[in-house]
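Peer 1: With the sequences and hints as input, model every part of the structure.
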Amino acid sequence: MRSASQNETRILLGMNILVDFALNVIHKQLSKEERAAAEFARKLVLLSDCKLLIPEIAVSVEFPRAFSRAVLEHHVTNEDKLRACLNMLRIHRAHLESCRSRDRKVLGSQRVEDRSRLVLQDRKSERI
Amino acid sequence: VSLKGEWYLGMKRSAVTALELFNELSGRFEKLEEEVKDSAIKFIEGVWEDFLKELEAAFGDAFELGLEGGNLQETFALLDRLVVQYRGRLEALVEELKRRLSEELLRELESKVKLALEAFEQVLRLLHMLYLHSGDEWFLYLAILLYALYKSRYPDSIYAIAGLGKFLRNELEEAFALAAYAARERLPRRPPAANPWENPKEWAKALELSYHYEIGMNVAAELMHEWGIADALREPE
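Line order of the protein sequences matches chains U and B. Residue numbers for the first sequence follow this note's numbering, so the first one is 1 and each next one is one higher. Residue numbers for the second sequence follow this note's numbering, so the first one is 1001 and each next one is one higher.
Because the hints were derived from the structure by calculation, they are not lab data. Honestly, I wouldn't trust all of these hints.
In the DSSO-like style, the derived pairs of lysine-lysine whose C-alpha atoms are separated by at most 30 Å in a straight line are [to be verified]:
| # | chain 1 | residue 1 | chain 2 | residue 2 |
| --- | --- | --- | --- | --- |
| 1 | B | Lys1201 | U | Lys51 |
| 2 | B | Lys1042 | B | Lys1201 |
| 3 | B | Lys1037 | B | Lys1201 |
| 4 | U | Lys32 | U | Lys43 |
| 5 | B | Lys1053 | B | Lys1037 |
| 6 | B | Lys1042 | B | Lys1031 |
| 7 | U | Lys81 | U | Lys32 |
| 8 | B | Lys1042 | B | Lys1053 |
| 9 | B | Lys1037 | U | Lys81 |
| 10 | B | Lys1031 | U | Lys81 |
| 11 | U | Lys81 | U | Lys51 |
| 12 | B | Lys1201 | U | Lys43 |
Peer 2: Okay, here's the thing in structure tokens:
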């Protein structure tokens, strides 16, 4: 996926692509489709010059939540494993965050912040 | 087989899986991290000093001054001149240095984890695992520089070795830009059109992303898969 540096193609990254991005492309247990999806997602995020539109809520909320759920469901309790998992999550987030510095856009951050503020205000007024 | 194909085949042939390596290290990560860091710094400092001495003996002390004190553009200009004027002599020097670097670093790690670490990728994987466990980016930076050294071909390897020198001086962006230039023809992420001294940040980024694409993400994903996290991530709630 070697594209021109001024590639104007825009691609919206949803949770499915974020999950595919985090998965292994060379593991033999993956089906052909899964392998292709993971390879595509990884090339898209790390190698392409396409403009990626990443919803802020997917990076900051959905992906960490899904990842934490997966860790908890599989009863990962070993301290070394937990430390590695936390760092993996941090690294994945850093890759996605770095999209900003590569002239890519993160969608909806302002909208999500505004929405959160409105919800908080609603709750306060309800209490009053 | 393409270069990328060869690399993947190399990864598949790896004698020790990420999971085996992780389990082997589990419980003594901290001790190993401390020891590897300490010995690797000493070793790279020694290699770098030897390299400078060799250059000094062969070509005079102007090279040491230029490599250690100059800005990035001056460093590139100096290395370009070195490559053109002293090709044969440098080739032997670089080969000797690469051999020592791999042998001594492998021996150092092998003696500690007691695993058969024949492939150089294993060293990169091990360094990445220490990074995953500790969160200490020093291991990541070293792995990225070694990745560039082994992706580079002579005479370009000399830029990667100069990158190690910059790394010792904590000039990380310049170190990565030099190393990226050394490996530029074999990086999966294409470097920018600008010269490395004009845009070192983007060159460094290209190297970093290529490393994550070929090594870092694979180590993390292999562990996630083995621990069952990958399957759980796919399942709907």
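Peer 1: Taking the hints in turn, state whether each one holds.
Peer 2: To see whether the hints hold, each was checked on the structure:
At roughly 19 Å between alpha-carbon atoms, lysine 1201/B and lysine 51/U fall within 30 Å of each other, so this suggested pair holds. At most 30 Å may separate the alpha-carbon atoms for a hinted pair to count; lysine 1042/B and lysine 1201/B meet this at roughly 28 Å. Proximity of lysine 1037/B to lysine 1201/B is assessed by CA-CA distance (about 26 Å); at most 30 Å being required, the pair is judged to hold. Distance check on the hinted pair: lysine 32/U and lysine 43/U sit about 16 Å apart at the alpha-carbon level, within 30 Å; holds.
With a CA separation close to 24 Å, the supplied pair lysine 1053/B and lysine 1037/B stays within the 30 Å bound. Distance restraint check for lysine 1042/B and lysine 1031/B: the Cα-Cα separation of roughly 17 Å lies within the 30 Å cut-off, and the hinted pair is therefore satisfied. Distance restraint check for lysine 81/U and lysine 32/U: the Cα-Cα separation of roughly 28 Å lies within the 30 Å cut-off, and the hinted pair is therefore satisfied. Between lysine 1042/B and lysine 1053/B the alpha-carbon distance is near 16 Å, which keeps this suggested pair within the 30 Å criterion.
A threshold of 30 Å between alpha carbons decides the hint, and for lysine 1037/B with lysine 81/U the separation of about 21 Å falls inside it, so the pair holds. The suggested pairing of lysine 1031/B with lysine 81/U holds, with an alpha-carbon distance near 16 Å, which does not exceed 30 Å. In summary, the hint linking lysine 81/U to lysine 51/U is not supported, as the alpha carbons are separated by about 34 Å, beyond the 30 Å threshold. Restraint check for lysine 1201/B and lysine 43/U: the C-alpha separation of about 20 Å stays at or below 30 Å, so the hint holds.
Checked against the numbered hints given earlier, this structure breaks only hint 11.
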